[in-house]
Amino acid sequence: MAQSEDPHVIVTSDRLQSVIEALSYASVDEFDSCLDLLQRSGEIKDEFSELETAFSIFVRELGEAKSELNRTLAQQESINRELEAKLETIEVQQAAIRELSTPIIEVWAGVLCLPVVGIVDSQRSAEMTETLLETIVAKQARMAIVDITGIDVMDTKTADHFIKMARAVRLLGAECIVSGINPGIAQTLTHIGVDLTGIRTLRSLRDALQLYLRETEQLVVHQHSQLARKLTAEA
Amino acid sequence: MPVETRAFAIQGRSDAIVAASQARRFALRFGMATRRATELAIVVSELASNIVKHGIRGEIRLAHDPEVPPRGEITIEAHDVGPPIRDLQMAMIDGYDDVGPIDPALLLRRRGIGAGLGAVARLADRLEYRKEEGGKVLTARFLLR
Numbered sequence: 001m002a003q004s005e006d007p008h009v010i011v012t013s014d015r016l017q018s019v020i021e022a023l024s025y026a027s028v029d030e031f032d033s034c035l036d037l038l039q040r041s042g043e044i045k046d047e048f049s050e051l052e053t054a055f056s057i058f059v060r061e062l063g064e065a066k067s068e069l070n071r072t073l074a075q076q077e078s079i080n081r082e083l084e085a086k087l088e089t090i091e092v093q094q095a096a097i098r099e100l101s102t103p104i105i106e107v108w109a110g111v112l113c114l115p116v117v118g119i120v121d122s123q124r125s126a127e128m129t130e131t132l133l134e135t136i137v138a139k140q141a142r143m144a145i146v147d148i149t150g151i152d153v154m155d156t157k158t159a160d161h162f163i164k165m166a167r168a169v170r171l172l173g174a175e176c177i178v179s180g181i182n183p184g185i186a187q188t189l190t191h192i193g194v195d196l197t198g199i200r201t202l203r204s205l206r207d208a209l210q211l212y213l214r215e216t217e218q219l220v221v222h223q224h225s226q227l228a229r230k231l232t233a234e235a
Numbered sequence: 001m002p003v004e005t006r007a008f009a010i011q012g013r014s015d016a017i018v019a020a021s022q023a024r025r026f027a028l029r030f031g032m033a034t035r036r037a038t039e040l041a042i043v044v045s046e047l048a049s050n051i052v053k054h055g056i057r058g059e060i061r062l063a064h065d066p067e068v069p070p071r072g073e074i075t076i077e078a079h080d081v082g083p084p085i086r087d088l089q090m091a092m093i094d095g096y097d098d099v100g101p102i103d104p105a106l107l108l109r110r111r112g113i114g115a116g117l118g119a120v121a122r123l124a125d126r127l128e129y130r131k132e133e134g135g136k137v138l139t140a141r142f143l144l145r
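Chains A and B, in that order, are what the protein sequence lines are.
Just so you know, we're using our numbering here: the first sequence kicks off at 1 and counts up by one.
Just so you know, we're using our numbering here: the second sequence kicks off at 1 and counts up by one.
For the record, the hints were derived by calculation from the structure and aren't laboratory data.
These numbers were taken from a predicted model, which means no experiment stands behind them.
Note that beta-carbon positions come from the ideal geometry of N, C-alpha and C, so glycine has one too.
Do not rely on the hints blindly, as some may be mistaken.
[Stated by the list, open to error] Quick list of the computed label-pair ranges, beta carbon to beta carbon:
id, chain 1, residue 1, chain 2, residue 2, range
1, B, Pro-84, A, His-191, 29 to 39 Å
2, B, Gly-134, A, Pro-183, 41 to 51 Å
3, B, Pro-84, A, Arg-167, 29 to 39 Å
Okay, chain A solo, but in the shape it has when bound (with noise of 0.2 Å):
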């Protein structure tokens, strides 16, 4: 590099020009035209194309910076939207946690089957009850079958209140079988000394829509035979 005595450098305006140019490529980000240009105008070696050679590392840096950023930035928008996607499935799921813990099932015409599994607490106990009674209501049901064969233990007062729950179901007209008493429960209600009066209780659920179907066949059969009477009478 010439080193002259002289502090002033001569610059063609052309060069600064490009320079110029560069810086404004630069500033939108157009990294790859910013060093063409610079690249370009470095056929003179002076003080000038060392501040240009200067200059174009520094581009060349800051570009590959950006890209990175670029990249992580990208990355990271990806996992935020995995993120909310599975807060999304979270929330779902934790619905239907809360509908599946009070199922109600209409099995046949005016018959509610309302299966319980898992484990019954006091509000969970609340809850069906609430809600069978309604659905009792909304649906005209004739006959409801609690199913707890999935369930082996319960607190007394709890298992109290579910057999209270039982004899409402009676109060709205409708008929209450409990099914699937298993031997834990069993001891339960009679240490507690709950009165099962008037609340059937069968083996299984199978028992209790069968229990339904003989009944009701009954009954149509002595329909018919009443309307076959009154027919002969007339006759």
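With chain A held as given, fit chain B onto it using these hints.
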């Protein structure tokens, strides 16, 4: 054997269901009998629904301590940020809350029958209560037999 712990943040009803079923597994893992483990789960469920109903937010902490005689112990701590229980003895009576008997007409709106703490006291081997900065802790203990 070290003390093993697990914690569940309780914010909604479904958190109570999850905590209860996980607590049952936790108890079974340390050799608790199935029936007893389900009773433990009921206790977790009652305590967690109390957090949802009466507290602002809270946490259920399970711990298994093998050193407690005869065969170790599982503790359930229900921490919550919220008002203290005004009268624990009263709250433990079935059909009562912490100030007195609950009006039966309000039971449905209350979403409960006022028997939760009673159930906890009946099912657990021991129940302890203490106030904490800004909240309270109920500890239910289950011995492994």
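Status of each hint after checking the structure:
1. Between Pro-84/B and His-191/A the C-beta distance comes to about 33 Å, which sits within the given range of 29 to 39 Å.
2. Between Gly-134/B and Pro-183/A the C-beta distance comes to about 45 Å, which sits within the given range of 41 to 51 Å.
3. Here the CB-CB span from Pro-84/B to Arg-167/A is close to 36 Å, well matched to the stated 29 to 39 Å.
Of the hints listed earlier, there is not a single one the structure fails to meet.
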